[in-house]
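As they're listed, the protein sequences go chains A and B.
Just so you know, we're using this note's numbering here: the first sequence kicks off at 1 and counts up by one.
Just so you know, we're using this note's numbering here: the second sequence kicks off at 114 and counts up by one.
Some hints could be false.
[As the list claims (entries may be wrong)] Derived pair list, reagent style DSS-like, types lysine-lysine, alpha-carbon separation capped at 25 Å:
(1) Lys145/B <-> Lys104/A
(2) Lys145/B <-> Lys133/B
(3) Lys104/A <-> Lys133/B
(4) Lys34/A <-> Lys52/A
Bear in mind the hints are in silico, worked out from the structure with no lab data behind them.
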Amino acid sequence: MIEAHQLDRVFTALADAGRRGMVERLSMGPATVKQLAEPQGMRLPSALKHLKVLEDGGIVASRKVGRTRTYTIEPTALSGIDDWVRQRQAAMNQAFDRLVQAMKDFPEEGVND
Amino acid sequence: MTDVAHKTFVIERELPASPKHAFRFWSDQELKRAWNDCHPDWITLEDSFDFRVGGIEAKRWRMPDGSELAFRADYFDIVAGERIIYGFEMSHGGKRISASLATIQLLPEAGQTRMRFTEQLAFLGTAEAMAARITGTETGFDRLMDILARETASVH
Numbered sequence: 001m002i003e004a005h006q007l008d009r010v011f012t013a014l015a016d017a018g019r020r021g022m023v024e025r026l027s028m029g030p031a032t033v034k035q036l037a038e039p040q041g042m043r044l045p046s047a048l049k050h051l052k053v054l055e056d057g058g059i060v061a062s063r064k065v066g067r068t069r070t071y072t073i074e075p076t077a078l079s080g081i082d083d084w085v086r087q088r089q090a091a092m093n094q095a096f097d098r099l100v101q102a103m104k105d106f107p108e109e110g111v112n113d
Numbered sequence: 114m115t116d117v118a119h120k121t122f123v124i125e126r127e128l129p130a131s132p133k134h135a136f137r138f139w140s141d142q143e144l145k146r147a148w149n150d151c152h153p154d155w156i157t158l159e160d161s162f163d164f165r166v167g168g169i170e171a172k173r174w175r176m177p178d179g180s181e182l183a184f185r186a187d188y189f190d191i192v193a194g195e196r197i198i199y200g201f202e203m204s205h206g207g208k209r210i211s212a213s214l215a216t217i218q219l220l221p222e223a224g225q226t227r228m229r230f231t232e233q234l235a236f237l238g239t240a241e242a243m244a245a246r247i248t249g250t251e252t253g254f255d256r257l258m259d260i261l262a263r264e265t266a267s268v269h
């Protein structure tokens, strides 16, 4: 289960075609602001604003090396963590199936017929 | 680089007995084993269970691939028949995978029990391991839309 406010941020972040283009570009590998701005026909300040929305949404991360800021897609936001949490949830659900069965196998004394 | 990602999930279940009886399946080592042990092909290396506030439950297994999996829980809060709160960590091959806070609530409901399990977890997997999962043939964007579609479908 993803938290609602997190979902809001993801939707907000992706509600713009330019930002979606940036995410698509970053899914192929890291890129600088300039490399992200140009294909979208954006000026740098505008691109930075959009990238901030994506960063706040936890969809991209940035790192500054020297004078260049490089953006990468945030794998935890999109995949790894969600898959992993789903696996754990599935494992817990299976355990609780066995719990229900165990409770039937070892019923409460005195309330059974 | 190691990232920490935080997640919370809740599982609710109807259990076929009173909260008092349901509690025993968490507090009694034998009864807990009846539903908690599920991997007959894992070799148990350690299995200790000290169910009291301040007590520790520690388990280690050798898995079929030879690697070691460890679980360690610290019980923080126990109210018989009502509530259990514990913190736990899991490690694989000596590397910690996650640390969590788990809350089990046993609520009486029509002579039975509604169990609410809440896990708040900090996932410590490496960014590399997670990144490897999205660099397949699909683009990240396709995957994102898949995930959003699934998430939206599951949020009622």
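If you draw a straight line from the CA of Lys145/B to the CA of Lys104/A, is it 25 Å or shorter?
At roughly 14 Å apart (the allowed maximum being 25 Å), Lys104/A and Lys145/B satisfy the hint.
Is Lys34/A within 25 Å of Lys52/A, Cα to Cα?
Distance ~14 Å between Lys34/A and Lys52/A Cα, so the pair holds.
Given the hint that Lys104/A pairs with Lys133/B, does the C-alpha gap stay at or below 25 Å?
Distance ~15 Å between Lys104/A and Lys133/B Cα, so the pair holds.
Are Lys145/B and Lys133/B close enough, with their CA atoms no more than 25 Å apart?
Given pair Lys145/B, Lys133/B holds - Cα atoms ~14 Å apart, limit 25 Å.
Of the numbered hints listed earlier, not one is contradicted by the structure.
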